[in-house]
Amino acid sequence: MSSPALEAVDLSKTIASGERSLTILDGIGLSLNTGDSLSIVGTSGSGKSTLLALLAGLDVPTRGRLSLLGRDLTTLDEDARAAWRTGQVGFVFQSFQLLSGLSALDNVTLPLELAGTDLAEARETAQAFLSQVGLADRVTHTPRQLSGGEQQRVALARAFACRPKILFADEPTGNLDGQTGAAIIDQLFALNAEQGTTLVLVTHDETLAARCARRCRLADGRLHED
Amino acid sequence: MKTDRTSAMRLAWRQLGRSRRDGAGWILLIALVVAVAAVGAVSQMTDRVRSAMVRQGAATLAADLKLDLRAPLDDERARQLDAAGVQHHAVTVFPSVVSRDDEITLVSVKAVEDSYPMRGTVTLRRGAPGSPTEVVSDAPDPGTAWVAQRILDAQQLEVGDELALGDTRLTIAAVLAVEPDRGNGFANIAPRVLIHQADVAATGLLGPGSRASYAELIAGTPDAVSALRAELEPELQAGERLQTPAESNRALSRALERADVFLDLAALVAVVLAGVAIALTARQHAESRLDEIALLKTLGAARGLIARLLAWQLVFVGVIGIGLGLAVAGLAQLGISRFIARAFEIELPGASWLALWPAAATGAILLAGFAWPALSQARATPPARVLARSLAEHGSRTRLIYAAALVNVIALAAAATRDLTLTAWVVAATVGGTALLWGAALLLLAGVERLRQRLGHRTGPGLRLGLAALSRRRNASALQIVAFGIGLTMLFMLVIVRGDLLAGWQADIAADAPNRFLINITREQQPQVADRLESAGLDADFYPLVRGRLTAVDGTHIEDNAELAEQAGELTRRELNLSWIDDLKNDNRIVAGQWFEESKPDEPKMSIDTSVAERLDVGVGDSLTFDITGTPITATVESIREIDWSSLQANFYVLFSPGVLDEFAATYITSLYVPADAHGTIATLVREFSNISVIDIAAILDQLTTLIDRLSVAIELVFGFTLAAGLVVLLAAMQASRAERLREAALLRALGARSRWLRQATVAECLLIGLCASLMAAVIAQTTSVVLAVWVFDLDYAWRPHLWLIAIGVATAVIAVSGLLSLRDVLRQPAWASLRAAD
Numbered sequence: 001m002s003s004p005a006l007e008a009v010d011l012s013k014t015i016a017s018g019e020r021s022l023t024i025l026d027g028i029g030l031s032l033n034t035g036d037s038l039s040i041v042g043t044s045g046s047g048k049s050t051l052l053a054l055l056a057g058l059d060v061p062t063r064g065r066l067s068l069l070g071r072d073l074t075t076l077d078e079d080a081r082a083a084w085r086t087g088q089v090g091f092v093f094q095s096f097q098l099l100s101g102l103s104a105l106d107n108v109t110l111p112l113e114l115a116g117t118d119l120a121e122a123r124e125t126a127q128a129f130l131s132q133v134g135l136a137d138r139v140t141h142t143p144r145q146l147s148g149g150e151q152q153r154v155a156l157a158r159a160f161a162c163r164p165k166i167l168f169a170d171e172p173t174g175n176l177d178g179q180t181g182a183a184i185i186d187q188l189f190a191l192n193a194e195q196g197t198t199l200v201l202v203t204h205d206e207t208l209a210a211r212c213a214r215r216c217r218l219a220d221g222r223l224h225e226d
Numbered sequence: 001m002k003t004d005r006t007s008a009m010r011l012a013w014r015q016l017g018r019s020r021r022d023g024a025g026w027i028l029l030i031a032l033v034v035a036v037a038a039v040g041a042v043s044q045m046t047d048r049v050r051s052a053m054v055r056q057g058a059a060t061l062a063a064d065l066k067l068d069l070r071a072p073l074d075d076e077r078a079r080q081l082d083a084a085g086v087q088h089h090a091v092t093v094f095p096s097v098v099s100r101d102d103e104i105t106l107v108s109v110k111a112v113e114d115s116y117p118m119r120g121t122v123t124l125r126r127g128a129p130g131s132p133t134e135v136v137s138d139a140p141d142p143g144t145a146w147v148a149q150r151i152l153d154a155q156q157l158e159v160g161d162e163l164a165l166g167d168t169r170l171t172i173a174a175v176l177a178v179e180p181d182r183g184n185g186f187a188n189i190a191p192r193v194l195i196h197q198a199d200v201a202a203t204g205l206l207g208p209g210s211r212a213s214y215a216e217l218i219a220g221t222p223d224a225v226s227a228l229r230a231e232l233e234p235e236l237q238a239g240e241r242l243q244t245p246a247e248s249n250r251a252l253s254r255a256l257e258r259a260d261v262f263l264d265l266a267a268l269v270a271v272v273l274a275g276v277a278i279a280l281t282a283r284q285h286a287e288s289r290l291d292e293i294a295l296l297k298t299l300g301a302a303r304g305l306i307a308r309l310l311a312w313q314l315v316f317v318g319v320i321g322i323g324l325g326l327a328v329a330g331l332a333q334l335g336i337s338r339f340i341a342r343a344f345e346i347e348l349p350g351a352s353w354l355a356l357w358p359a360a361a362t363g364a365i366l367l368a369g370f371a372w373p374a375l376s377q378a379r380a381t382p383p384a385r386v387l388a389r390s391l392a393e394h395g396s397r398t399r400l401i402y403a404a405a406l407v408n409v410i411a412l413a414a415a416a417t418r419d420l421t422l423t424a425w426v427v428a429a430t431v432g433g434t435a436l437l438w439g440a441a442l443l444l445l446a447g448v449e450r451l452r453q454r455l456g457h458r459t460g461p462g463l464r465l466g467l468a469a470l471s472r473r474r475n476a477s478a479l480q481i482v483a484f485g486i487g488l489t490m491l492f493m494l495v496i497v498r499g500d501l502l503a504g505w506q507a508d509i510a511a512d513a514p515n516r517f518l519i520n521i522t523r524e525q526q527p528q529v530a531d532r533l534e535s536a537g538l539d540a541d542f543y544p545l546v547r548g549r550l551t552a553v554d555g556t557h558i559e560d561n562a563e564l565a566e567q568a569g570e571l572t573r574r575e576l577n578l579s580w581i582d583d584l585k586n587d588n589r590i591v592a593g594q595w596f597e598e599s600k601p602d603e604p605k606m607s608i609d610t611s612v613a614e615r616l617d618v619g620v621g622d623s624l625t626f627d628i629t630g631t632p633i634t635a636t637v638e639s640i641r642e643i644d645w646s647s648l649q650a651n652f653y654v655l656f657s658p659g660v661l662d663e664f665a666a667t668y669i670t671s672l673y674v675p676a677d678a679h680g681t682i683a684t685l686v687r688e689f690s691n692i693s694v695i696d697i698a699a700i701l702d703q704l705t706t707l708i709d710r711l712s713v714a715i716e717l718v719f720g721f722t723l724a725a726g727l728v729v730l731l732a733a734m735q736a737s738r739a740e741r742l743r744e745a746a747l748l749r750a751l752g753a754r755s756r757w758l759r760q761a762t763v764a765e766c767l768l769i770g771l772c773a774s775l776m777a778a779v780i781a782q783t784t785s786v787v788l789a790v791w792v793f794d795l796d797y798a799w800r801p802h803l804w805l806i807a808i809g810v811a812t813a814v815i816a817v818s819g820l821l822s823l824r825d826v827l828r829q830p831a832w833a834s835l836r837a838a839d
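So the protein lines, in turn, are chains P and X. Here the first sequence is numbered in UniProt numbering, starting from 1 and rising by one per residue. Here the second sequence is numbered in UniProt numbering, starting from 1 and rising by one per residue.
Bound-form chain X, shown alone (with noise of 0.2 Å):
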């Protein structure tokens, strides 16, 4: 035995290094090499622009993690973060007053160490509002304060001059122009004092009863913080939160999960695109190998001695093939860090070998899923095969082969993603594409075989030649324009879904997204301020507000049940926001109920947000009782909305019937979009009604313009990447028939066939191959990505035909040219000569 296994090894390893000529195997090396490379580069890529997109979204909580605390950090718990091996510091916010001559502002005061902010820059202005900004990535000095225009403007104060604040005066060293944490809820409406915390002692603000609110910024590698997060998770007490970046800005964490989502998607498709080149040459590579086997088995050789030496040459191809792919990702990646750590403007971990292994193992996989089950049944041929191959028919379990091929793949791109949804879509689009394409292939070629036969001789040889290709190689045809199909409908659907993905984003920062939140305008205010911004052209929505808290869940009090009070958590501890409006927004979608039919106030209704739900666990029909000024309201859940906060229009968790608040004082609120010449209107508004404030989120729509090109960036190099390794396989799938067209062009050429006739015949083959695979796959891919857009990325999607029309011209005009090109070598040389090269 032990004879036997060595010899299969050295004579696989001797036949390796003289099958320099073997065609099929170098297709199969170099389809290893080209999915390893693009499976490893993907995703690494993916892997590196996320923990990019991490990063960016860090700055907007200024830290990688922040725990709201209910009093400052006590020493068990500032012992148990400085184990975990991260950096963290205090963060105090207060409200106060700020006062001059009389006029009294209302701030929110930001106490902050020196190590603020720990992610994200702070954006200041020195001078007059107009004048330039630095950007620094410090805390204000003790002694200093970095407070908003609103207040100087309020108080009459320029840099330089000092503020009271409390029991101490603060020199006011910069307007604080973009706070990197301040997100975009209107609740965070006072401006912001930013001060050092060793001076807020001296403020004497801070005594018992005071409204002060405290929390921790952690900063650290992404496993120490990850690690401390489900440490901390468990042992949170009432009052107390853990918020990531995505979870306090829910603008930029849609922008970061849709992202996300592509870079899957992307990463998904590049494993399809190596499953099918592989399982394209495997089946190659498994009948170049027939006479081998014939041969070996006539001078004796077992079936067994056989499988090992087809073992160890697929083992010999994977150790080349794999190491070749991961030294070029890692060449990729290299490009990649490079370019990444430029377009984010920050410094990413240095590149790391180990992180290959997924595209290594991805190899592995592919060659035993979709290699040996080929050549396993290789190991089938009879010997009687090397006297003539009409006496080796086998059956050929082929069904079984894309059976075995399919189960991989669904592992694969599982593994990839970890995303079952994503996963589950886009197989069930690989397969329902499949057999649709199959049944469009059989379709064709049957067309083509009557055209064939009713045009007869009345159109020229070069179209005959090809039609007759084509119904002679049935099968292969069929098999290429499957192959071909696949390869094109997930290129297909990765540049649509990119295209979606890009439109919806450049939607969400429109040059006329909302840009100013104008709130607490009274009842009899709102026909007046609504006369003033329309007659000055700006346009608003106005919505009603009443604050309630929430108190009860189907009857059941919340203080009564502390179950019930830990899981409603933050929706009890402040008032909400509640409003009502007699149309659904454009950016809320109903994802239970309906939305009111008709008003009865005597039955209030209401509809609630998602979170809301899933919080509290209820449902349409269940009810919701709400504490308003005293009075408690109850109404029944008729529907649940899914909003999308990216909009950054004013929206609520809560919307009653309309009519059921309409005895409670509201106030109104509107957002809109004021461009830098309209800013007098907002100014003499403000300056009329004075109850009324203004908030400017031109900062945070900055922050997500800046992101937003960011992430489009490294969306369109992950997509150029796919998109190279998905032009390999439509040449390695036209390379599979190369051999056969090469030699029929021989023969036919040593049978007098011109020149322009075989030119014309594999044109004709190719566009009819071509345009079968790419018409389809346009269908399949668009099909795939409408459900995609709205059920995965949940974006409005845009049918674009002009999309389709390139699509299908380049995806044909490649298999036509790559036809014409394998042609050459028949076309340049003598037919003798053509016809035995093929042989």
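Bound conformation, chain P alone (with noise of 0.2 Å):
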């Protein structure tokens, strides 16, 4: 049997609050094969960020282990983390978080380039992931250029172009109005079924949460399946 592509155990965050200290997760345990999708729910404030963050490896637990595609990410400094992600982890944010100063095209090939893919090669699959998001006509615009909607159909081409093995999903419709919203999600589900990527949904959208396989909610610092 190979190992699961995300496995939580134990998993705290303690910050400090004045003089004080508050636990915002509490001993998560959480495991995850490969192909899954899981949605996490909780109201604002619950941590559900917090968690995101520490399950991508963008931030680190102050207790427990965390091990993302059989790798212990715990044991690994930050640009260790950074390089490991490379290629094998993408993101959809709910800001869209797009570099202002790049066109659509060039936002979807700054991670392939970071994963050290030729220019050429880089471009050409930027190019064909944003022509499958329907922007084959927007590609030199920049993120001012276009609406909400777009810009964050221009991250699931980001996200998807390096055919990652996990995807990490913050509120991804959160800035968007429900049309909109409803179309970026049947994107994101196809290119994920598409791809046979692992999903971890963060939202507090009921409705976009029943669309994973399996649902957390967040409460209290701990996390309970429903």
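Because the hints were derived from the structure by calculation, they are not lab data. Careful, some of the hints might be misleading.
[Claimed, not checked] Some chain P residues well away from chain X (every beta-carbon gap over 10 Å; in silico): (1) 10; (2) 31; (3) 101; (4) 106.
[To be verified] Stretches of chain P that chain X covers, calculated by requiring three or more beta carbons in the stretch to come under 8 Å of a beta carbon on chain X: (5) 47–55; (6) 87–98; (7) 112–123; (8) 146–157.
Where is the CB? At the ideal position from N, CA and C, for every residue including glycine.
Starting from the two chains in their separate frames, assemble the complex, guided by the hints.
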């Protein structure tokens, strides 16, 4: 049996708040197989973003161990974690997080370049993914020239262009209207199915959460599987 | 690794091409352009004004360098001068007499070659006194002479007559009205006869034992002249000396020195202002990069790659900014060269782009020293920032950044001025001022918070919003007060010092500055002369004068000690004018010891000039011995004085305590201002007391006035440029908080705030920041200026309350208006559009 795509054991995060310390996450345990899709729901301030940051290796836990795609991330420093993420982990954010100075094409090319792909090849791939999300004629536009939905589609193209093994999505429709959001989610799940990517999705939208195979709820720093 | 490096550079380049909307990047670029242009233009301008001043000064020596010799130039030295690539020609000066019908006049003959004067001009008059003069750059033709009016008067001669000089007769071709290298010492008292070297032999006056002095006038490029000077100096024999224009005319040299220091100060201020501008924008630029850095980390970029990316971005900004800055400085330089050539009526060598390298280096150092530390810190941004900024708190080591910045400013300032004292004062003022400003800012903000709580809702919403904004942006407001404060301190300081400098010069060339010296007045004649002058309404102070030769220092006879003799140089080769006075004169300042307390003739004391003390290496308590008409007189040094030679008053290197020199026959000297309508009084006086000589220094005064007029214009020009740079810095500082101000204003407007309230809030906030910064800046600048005036410029300072009011008013108004201007966008468009734009 292959090792799980994601395995968290006793993950905790405590931060200093003035003179007291505040425990945001307390003994989180989670295991996710390759190709699984998991949604994490919770109210605002329940620690969803903190958990996502820990699961994706963007932040380090105060306690506990995290293994992602068979690699123990808690033993790596930030640079090593960044290098390890290259080409394996994809992200979609609520606020899109596109580089304002770069065109849509350059934004999608960027992670491929960072993964060491030849520039011409990277551009070709980026172009193909932008076409797939319906932005073939907007490749030279900068984020400011695109609508919110278009920006999120560029972000989707960027996330999937690297063919990541695992994708983390943080409130991907949070900044979009219902119709646009639904279209984006359809595209996200279609690409996910096509590439067989493991998906971790953080949202407060129960309908969206229901589209994932597994659902967890974060409350009082603990994770409860539905 | 290669892939990493090229992709960092490529990515940086790609982003640069598309970062037209990156506000912070633009501000950094503009600040850099302004910094490089200001430093480039000011340093170029100071260099060119300085060369112009040196050339102007050279006119007072008729050359760039004068080599005094004991004998005519020998072949070896001639070859040495030729090899140095300079032009040179011989000048011979010797005393003689001219006589007609038993009327004998002692004259000083000066023989020059065709190329005289090598610098400056000679003013001649062909007709009677009062007729027009002409300015020439020639020497008299062989067979002719140019003579002083006094000789014509005494000998009853006119232009066109013949002058008997030794064995030859020369035609008087013109009256010598102004001789550029006459100097202002009253040693050169005999009236001048200027002749051509070709006629010297024919006079038969230069036989063995004649008292001629020989010199070589030298002119060439500044580099060639300074190289030659360095080469000649160590080889000088006893009785030889090198004179630069500054050394030959002390009044002019003081003016030049002060102008020089002011130009240094202006360059230094430009550097500090540039530093403040870059420091302000670098922080903002770094902050605007945080999201990008976090995202790149999320996408897998390691710190090394991010460092290279940021470094490349900075390199591109640097290349563009420095390039544009140099272009602006170059254009300014062209204009400046033309202006200086016109103002100083001289031709300067063409502008050189190469000379702008210090400005380019300044730009690079400012970027490396200010922008890089800030950006480098931004590298530590955790990737989790992409999810929520609250997850990405990281400590900013601001103190470290500013400490690095300070070190850079000190290094740049020292390099710009090469004057450590001046740099130390200005840096001390900057550091102390920053601390004071920071303290004042915190106090003000605490006061604002209290006031806000106490006022509650009793004030209008505008003021309430303004006060709230100040409290809310506490750190940003404090930083802004400090930045404005430093910029304004520098500008105010320059304004005040400039005022002191110009006022000092105006005092030097006051309308009633002395224009005549009367010398050789006997003790018996002194009361009568004083009466005559007083009844003619002329003010005159008389000083006794006894001539003596320095023979021993602390009991060591100079003639027995070759080392001491060489050290004493000129001081032992001629007799010095010794005098005594009861009270210290206004243009003298005691720098060591104390003024004579009471007169005790049996305990001889003396007060000496700083130059004598330095040359002889003596201090208070040492003793000097003078030989006065064969009698040795030894006195202890009681004080050391610094003399302001620019006063053009009679002054003495050595003053004895009153009573000590009473037994010796003294003559009296006075300097006085003689208005045009009182010339008759002086003429009558000289006819009655034929032994009295009159020295007319009006020509020297004219030279000084002209030079100071031109220096003043140059100073204003340099000042104007620095002022413009300062204004841009102020605007950059205002721009630093623009985005936040806009976002808040848009939000408040969306929440229902009226335009009037927003305007009032902005004005209240900006006025408080502006007032606090400019008031503190005025206090710090005034204090520093007093210190600079006393210790660096040696000037009288004046408190100028009106200057304070104007400076504070203008600065506060500029800050408030630029705050209002930044609000314009928000007020013009609907709230939702402003909010979107600010997002």
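Status of each hint after checking the structure:
no.: 1; hint: 10; verdict: 20 Å, holds
no.: 2; hint: 31; verdict: 22 Å, holds
no.: 3; hint: 101; verdict: 4 Å, violated
no.: 4; hint: 106; verdict: 6 Å, violated
no.: 5; hint: 47–55; verdict: holds (count 4)
no.: 6; hint: 87–98; verdict: holds (count 5)
no.: 7; hint: 112–123; verdict: holds (count 5)
no.: 8; hint: 146–157; verdict: violated (count 0)
Checked against the numbered hints above, the structure breaks hints 3, 4 and 8 and satisfies the rest.
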